[in-house]
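Trainee: Build out the structure end to end from the sequences listed, making use of the hints.
Okay, so the sequence shown: first residue is 2 according to this note's numbering, each after it adds one.
Worth flagging that the hints you see were computed from the coordinates, not collected in a lab. Hints may contain errors.
Said to hold, decoys possible - Capping the alpha-carbon separation at 16 Å, the derived lysine to aspartate or glutamate pairs in EDC-like fashion look like this:
| # | residue 1 | residue 2 |
| --- | --- | --- |
| 1 | K715 | D652 |
| 2 | K715 | D757 |
| 3 | K606 | E923 |
| 4 | K715 | D651 |
| 5 | K961 | E923 |
| 6 | K606 | D560 |
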Amino acid sequence: MSALLTLAGCQKAVAPSEPQAEDAGAARFVVAVHQAVTASDVQRVDLTVDGPGQPELTVQLAPDGSVWTGLLSQLPAGSGRRFRAFAYDSNARLIYRGEALDVTITANQTVQVNILLQQVDRSPEFENAGPVITSLVVSRSTVEVGGFVDVRATAYDPNTGDVLTYAWTATAGTFSTPAALATRWTAPMTEGVQTLTLTVADPLGASTAVSFPILVEGTGVGEAEVFVRFNSWPQVVSLTGFPTQVVPGQAIGVSAQGVDNDDVAANLHYAWTASCAGTWTDEGTASAHFTPTELPAQSTCDNCQLTVRVTDGRGGEGLGHLGVCVGAPVTANVAPRITSAFQTARTVGPGSTVRFNVRAMDPEGTPLGFAWEAPVGTLGAPAPISEGSEITWTAPACIDAQATPVVRARVTDAEGLEAVQTFSLTWTGPACATTLGFLTQPSDVLATNVITPAVRVVLLDSLGRTSLAPSGPVRLALGANPGAGTLSGTVEAAPVAGIATFADLSIEASGVGYTLVASVTGLPPLASQAFTIQPLAVRGASVDRFVTTGNAQATRGADLGATVVQALVEQGDGSFTTFNGEGAADGTFAIQGVPSGAYYLRLGKDYVVTSSRAPDLGRDGQGRPDATPANASTTLSVDLQGLASWQAGDDIEVFSAGTGLWAQGVPELALTGAALAAGSQRWTQTLQYAGMRNANLVEASAGDTVTFHQLSLKSEATNGAAETYTAATRAWSAPLAVAQGGTASLAGTMAALAQDQVMNVDLRTQDFEALRTQVHPSAQPADHALFVAAFPDGTRGSYTAAPDLLTFFPAPGAANRVFAFSFGNPHPGFAQAGMAETSFTVPLLAPGATQALTVRPTVGQTDALPAFHASALAPRLSPARAPTLAGQDAFGTLTGVGLTPRLAWTAPAVGTATHYRVRVYEVFVNAQGRTAQSTGGPVAQLYTAATSLRFPPGVLTAGKRYYAILEAASSGNADFQGHPFRSAWPEAHAMLVTGTFAP
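Mentor: Spelled out as structure tokens, the structure:
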């Protein structure tokens, strides 16, 4: 850029009052800014004049629009004057300067001085290097019509950071990705030679290109030799060249455009030079041609710099550079082509051998390399054949279930391009095992006992199927070992049909959380689920569960400190091995050394045949376990009004959920006071409190309440003659406190109960009586009973004595009949259950007696309403059948059965028994010749789920006589082994009575 300073000297007018100097002149200065220089560029212009006879004088010109002006007067005339001008920007930086020398100032004459201010700093030179294509790979030199050719190129830009763009074009056909270095060209549907071109350009406009022919032919195949030449059109912002990649002797056309910022219309001059050997034509014009004559010493590209020098003729100049590549031509490399492939078989099995060969050629004629690979199986040594290679493959014993066996041949040329031939095979053999699984997990077992069922480990393929492939042995070892035990038995087994079985494993030390680890060579190990080795000791309890007020729960262990605790194991010869244990006050017990399997657990008089290692012989009950039993001097004074008019056959019951207190026939407990008379509506008596069942002290402070309710006689004649029954009609409830040894008083008025509880029953009394001979050959029906009772908890079966809401007692021999009953409910929050029972009388005459003992066995059932009467009320369970004792008919009078005879029977004909109870009673002949039963209840009670048991030693005593009641029972309790004395509805029982017997 430049600025022009014009100085115009002129004769100064002389004012009359001003003295005039001699030999002086005046000069006015005007600095004009050219188009390329703006006011914002130049902030100050200084002008200095000096010379012989002219002291140095500097003035600052003032801006006036687009010019700077100033006036110098009284300039001494003379020659050799020098005028210098300096232009500054806003930072006081000198940006333009210029001078005029040997200027003569003539007195009273006008002188004009022109100074061209030159730009102080040179303009930046333009630099760029064109992109370079380094390689071009073509997959095929010929292609069938509509076929495809894969092409791939590499290129770079010598200028770091320049991002290249790519463009593929063709005389026909289409590219899948025309803007990528690698693309696929689809040939047209016409035959002939088509030219494909790749153009690579940088962001500054420089570009280069490469073109090559492809022969498109019919479906036949052939060969073509490919020649590649370069034809590129690089462009630069102010400098373009074509092409930028050449060989010696190939001309490059270059074109430059210069812009003069001082004068866009200026006539610029161009001069071209090159850093490498070559010749120029038109090198003095904007467009020239350069032909390199030899390869530069530098072998890499960007090895020749073309430079243009643009001058404006006023001292200013600009330079431009274009880097080009002078080197050998790039030729396309086509991948090898496989001409034939052969295999001797397609279907293979374990150990099969297959021979493969391939033949191939390289379009460029370079030597080819052959490599073979197989993911599975074994490859032999490859052998060369004409234009190819051959190999033998041996199949493995198995393959992965999700794999397909293949063999591949890779053919590679000298440049690393390859062609692949894949040979597929169909597998007929087994799938390899990839994982292990426990087909049968180890189960809990006693220490030293064999783990049963046998542990089984399966070999699985990758699809989760059993693998039949050959395998090494499966080994088992302890994983988690909480008891520091040792795994004994056969711990290594060969798989059979993919499964290894371990039938005799055992561990001698108890512990919770053992695991086994299975392993086989080549597969990851697998841990089993955790299991328990139980101690040889039996550790159990007798903990009772109680339901109290509001169905609150409580427990209490039976004090077993003084109770005989034993485990008796029956041997094959009928004898018993006895293991003595110890009981504790909290209800727990332990018996050491008991082997696995069934044993007789003895707690006092109770014997339970079980295999449980942690049985609980607790029962369910009603009331607080810490309630205090009342003594004989404790009484209860009652004054209740509002009774329904009293009738003969009416009854009053009392119940307290907090203590389990219950009694029926309460007025019969009177100590004082008049008995209730017919028509009475007030009851006033003092009762013997301790005469009630569960006569524990009721404590109002503990939340206890008592309920008295009246059962009134009613009549039912819906389907026949009138039958009487009792139903709850009146009730009274209140808190009560009963003190030990004192008299508690209560008074109140009973409230009427709505008779809205209805039950229709099809009672089959004759079906019950028909079981008579199964009870005992001499049995006779004694009576029938039908009850509806209210239980505080409906999930525990008939666990407690419960208040009756309805009672009915049909006479023996009564016909089957449908009854419709109604009753009230004094306990609306309780569960209602129906109970039906038939009792029989069985006479037992001991040898030497003149009178028989009468035993009253029963058959009956209990269920929640309405399930109780949903169908005909017939026996749900009949007695056991065909009982034998020591192999003899148990109904007979037997002697010499031994001290440990076996009692056996057949399961009931009606229903399914979940367990059986055998109660053994001692009898004797008293002084009156009567068969009598010893006091104190049964000498033993035995429980089992089987259909036989042996009396353990100590139950029978030599010289004494006994009889037994065998009771078949069923209930909703599914865990007889672990909790034999728990129950749930529905319940049923059926008793039979044996004859008397003696050891």
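Trainee: All hints, please: hold or fail.
Mentor: To see whether the hints hold, each was checked on the structure:
A threshold of 16 Å between alpha carbons decides the hint, and for K715 with D652 the separation of about 12 Å falls inside it, so the pair holds. Distance hint between K715 and D757 is fulfilled; the C-alpha atoms sit about 14 Å from each other, no more than 16 Å. In summary, the hint linking K606 to E923 is supported, as the alpha carbons are separated by about 13 Å, within the 16 Å threshold. Using a Cα cut-off of 16 Å, the hinted pair K715 and D651 holds, with the two alpha carbons roughly 9 Å apart.
Restraint check for K961 and E923: satisfied, since their Cα atoms lie roughly 7 Å apart, inside the 16 Å limit. Between K606 and D560, the direct Cα distance comes to roughly 15 Å. Compliance with the 16 Å bound is thereby established for this hinted pair.
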